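Start from the sequences, fold in the hints, and give me the full structure.
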Amino acid sequence: MSKDKVHLARFVLDALDGQIVDSRTEGAQTPLISSVLLPDSKTRCKFAELLLQKGANVNCPDGSGRTALSHACEKGHLDAVKILVRNNADPEIVDAWGNSVLMYAAVAAHSPVVEFLVRAFKRLGLQIDRQNKVGNSAVEVAKFLGHAECVSALTHTTRKSREEEEEGGNAQTRQRWGSHRRWRGDQKYGII
Numbered sequence: 001m002s003k004d005k006v007h008l009a010r011f012v013l014d015a016l017d018g019q020i021v022d023s024r025t026e027g028a029q030t031p032l033i034s035s036v037l038l039p040d041s042k043t044r045c046k047f048a049e050l051l052l053q054k055g056a057n058v059n060c061p062d063g064s065g066r067t068a069l070s071h072a073c074e075k076g077h078l079d080a081v082k083i084l085v086r087n088n089a090d091p092e093i094v095d096a097w098g099n100s101v102l103m104y105a106a107v108a109a110h111s112p113v114v115e116f117l118v119r120a121f122k123r124l125g126l127q128i129d130r131q132n133k134v135g136n137s138a139v140e141v142a143k144f145l146g147h148a149e150c151v152s153a154l155t156h157t158t159r160k161s162r163e164e165e166e167e168g169g170n171a172q173t174r175q176r177w178g179s180h181r182r183w184r185g186d187q188k189y190g191i192i
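According to the UniProt record's numbering, the sequence shown is numbered sequentially starting from 1.
Keep in mind the hints are simulated off the structure, nothing from the lab. Any given hint could turn out to be false.
Quick list of the computed label-pair ranges, beta carbon to beta carbon [what the hints assert, rightly or not]: (1) Gln-127 with Arg-86: 18 to 26 Å; (2) Lys-42 with Val-134: 35 to 43 Å; (3) Pro-112 with Gly-65: 19 to 27 Å.
Because the structure is a prediction, the values reported are computed rather than measured. For each residue, glycine too, the CB sits at the ideal point set by N, CA and C.
In structure tokens, the structure reads:
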């Protein structure tokens, strides 16, 4: 999938009659998951669209139960998130640790992704307050990590009301929004 070789990928998929669109790597990663992780936006979108056109399962999980949508949310690739959502990606699928796509977007402070998901799925009953296996929700983790824009998107507070609250001189509020930037990488899946 490197170097924008979409025409070669299309040729291989056509030659194999699409049999490999949901194949897996040693890490149980599908080609669709690999495509949404590509660094270049144009290439990422081309490969994702091609694989979906060829019948890739948009909700096919990797070995950890994570879907392409989960990985795209963690990386903040809004373009890929929109493609996946347009192709019926399910935002309610959780991984082996119980983490949702909202959790991954909130942990990585990708507020545009969080805002998009909330707008796209809230009316369909998206469970914003869903907790993972250790009892944390996306809102709680975003608050803990100081990701105010994500908290705002998840709780529907406006930027203006949040700024007014922060300017109010409430030290506890300032601490809640800004000082908890600790991340314990050794327990990545335990706290998110």
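Subject >> Cβ distance range 35 to 43 Å for Lys-42 and Val-134, holds or violated >> reply: holds (38 Å)
Original post:
Lying within 18 to 26 Å: is that true of the beta-carbon distance Gln-127 to Arg-86?
Top reply: holds (21 Å)
Original post:
Between Pro-112 and Gly-65, does the beta-carbon spacing fit 19 to 27 Å?
Top reply: Holds - the Cβ-Cβ distance for Pro-112 and Gly-65, about 25 Å, lies within 19 to 27 Å.
Hint compliance for this structure: every hint is met.
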